[in-house]
Amino acid sequence: MWKQLWKKWTIDKPAAFGDLLWEVFVVQFAAFLDRLTWRRIVALIPLAILAVAYAHSVPLPPELMLIGDVLAYIDIVSVILLLSIMSRAAAILFVVKQAAEQAIDLARSVLAAMQRLDFRHRRARGAKRNNPSIRRADSEDDDHAVVLGVAWA
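Under this note's numbering, the sequence shown is numbered contiguously, ending at residue 153.
In case anyone wonders, no lab produced these hints; they're calculated from the structure.
Just so we're clear, the structure is a prediction, and the values are computed from it rather than from any experiment.
Any given hint could be a false lead.
Between beta-carbon pairs, the in silico distance windows are [unchecked claim]:
no., residue 1, residue 2, range
1, VAL27, SER78, 32 to 38 angstroms
2, ALA55, PHE25, 23 to 29 angstroms
3, ALA103, LEU47, 54 to 60 angstroms
4, PHE25, MET1, 32 to 38 angstroms
5, ASP69, GLN28, 27 to 33 angstroms
6, GLN4, LEU47, 29 to 35 angstroms
7, GLY18, ALA43, 29 to 35 angstroms
8, ALA51, GLN4, 45 to 51 angstroms
9, ALA112, ILE85, 38 to 44 angstroms
10, LYS8, PHE29, 26 to 32 angstroms
11, ILE41, ASP105, 50 to 56 angstroms
12, ARG88, LEU21, 51 to 57 angstroms
13, PRO62, ALA103, 46 to 52 angstroms
14, ARG39, TRP9, 32 to 38 angstroms
Here are the simulated lysine to aspartate or glutamate pairs, DMTMM-like style, with alpha carbons at most 20 angstroms apart [said to hold, decoys possible]:
no., residue 1, residue 2
15, LYS8, ASP19
16, LYS13, GLU23
17, LYS7, ASP19
For glycine and all other residues, C-beta sits at the position ideal for the given N, C-alpha and C.
Based on the provided sequences and hints, a complete structural model is requested.
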């Protein structure tokens with residue numbers, strides 16, 4: 001009887017306690033780490049800030065509490081941040097698109113002007129030239145020059 005009692009309290013009980021410690025500190029802790037996500041970690045940061053502040057009896061500045069709230073609602077803040085970035089990106093894309101269209105129009109007008117200035121074929125010497133002193137009736141002095149879609153007076 002004493003031998004069984006001795007074996008129970010010196011071998012079986014410490015072994016059972018060791019098995020319990022292994023279960024709690026290794027198996028259950030590993031399962032907890034498997035379920036742990038970044039969102040849960042971030043949700044614990046405000047609690048850590050509060051625990052440190054109460055442990056040191058230091059008044060918390062409102063900025064720390066605001067950081068805690070932002071971290072607690074990180075999903076909502078991230079959606080708002082992404083929407084603001086997307087709206088800015090859309091505006092920048094619109095401006096770049098307009099600038100590209102203006103550059104293409106400028107290139108087309110320069111190309112058309114270069115084709116009109118054909119220096120390879122000169123006029124024959126006997127060709128009739130317009131007399132600049134005689135004005136035609138269909139020309140108007142009130143016309144404005146149009147350059148790149150903008151009228152200049």
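Hint-by-hint comparison with the structure:
{"no.": "1", "hint": "VAL27 - SER78: 32 to 38 angstroms", "result": "holds, 34 angstroms"}
{"no.": "2", "hint": "ALA55 - PHE25: 23 to 29 angstroms", "result": "holds, 25 angstroms"}
{"no.": "3", "hint": "ALA103 - LEU47: 54 to 60 angstroms", "result": "holds, 56 angstroms"}
{"no.": "4", "hint": "PHE25 - MET1: 32 to 38 angstroms", "result": "holds, 35 angstroms"}
{"no.": "5", "hint": "ASP69 - GLN28: 27 to 33 angstroms", "result": "holds, 31 angstroms"}
{"no.": "6", "hint": "GLN4 - LEU47: 29 to 35 angstroms", "result": "violated, 49 angstroms"}
{"no.": "7", "hint": "GLY18 - ALA43: 29 to 35 angstroms", "result": "holds, 34 angstroms"}
{"no.": "8", "hint": "ALA51 - GLN4: 45 to 51 angstroms", "result": "holds, 48 angstroms"}
{"no.": "9", "hint": "ALA112 - ILE85: 38 to 44 angstroms", "result": "holds, 40 angstroms"}
{"no.": "10", "hint": "LYS8 - PHE29: 26 to 32 angstroms", "result": "holds, 29 angstroms"}
{"no.": "11", "hint": "ILE41 - ASP105: 50 to 56 angstroms", "result": "holds, 54 angstroms"}
{"no.": "12", "hint": "ARG88 - LEU21: 51 to 57 angstroms", "result": "holds, 55 angstroms"}
{"no.": "13", "hint": "PRO62 - ALA103: 46 to 52 angstroms", "result": "holds, 50 angstroms"}
{"no.": "14", "hint": "ARG39 - TRP9: 32 to 38 angstroms", "result": "violated, 46 angstroms"}
{"no.": "15", "hint": "LYS8 - ASP19", "result": "holds, 15 angstroms"}
{"no.": "16", "hint": "LYS13 - GLU23", "result": "holds, 15 angstroms"}
{"no.": "17", "hint": "LYS7 - ASP19", "result": "holds, 17 angstroms"}
Of the hints listed earlier, those the structure fails to meet are numbers 6, 14, in rising order.
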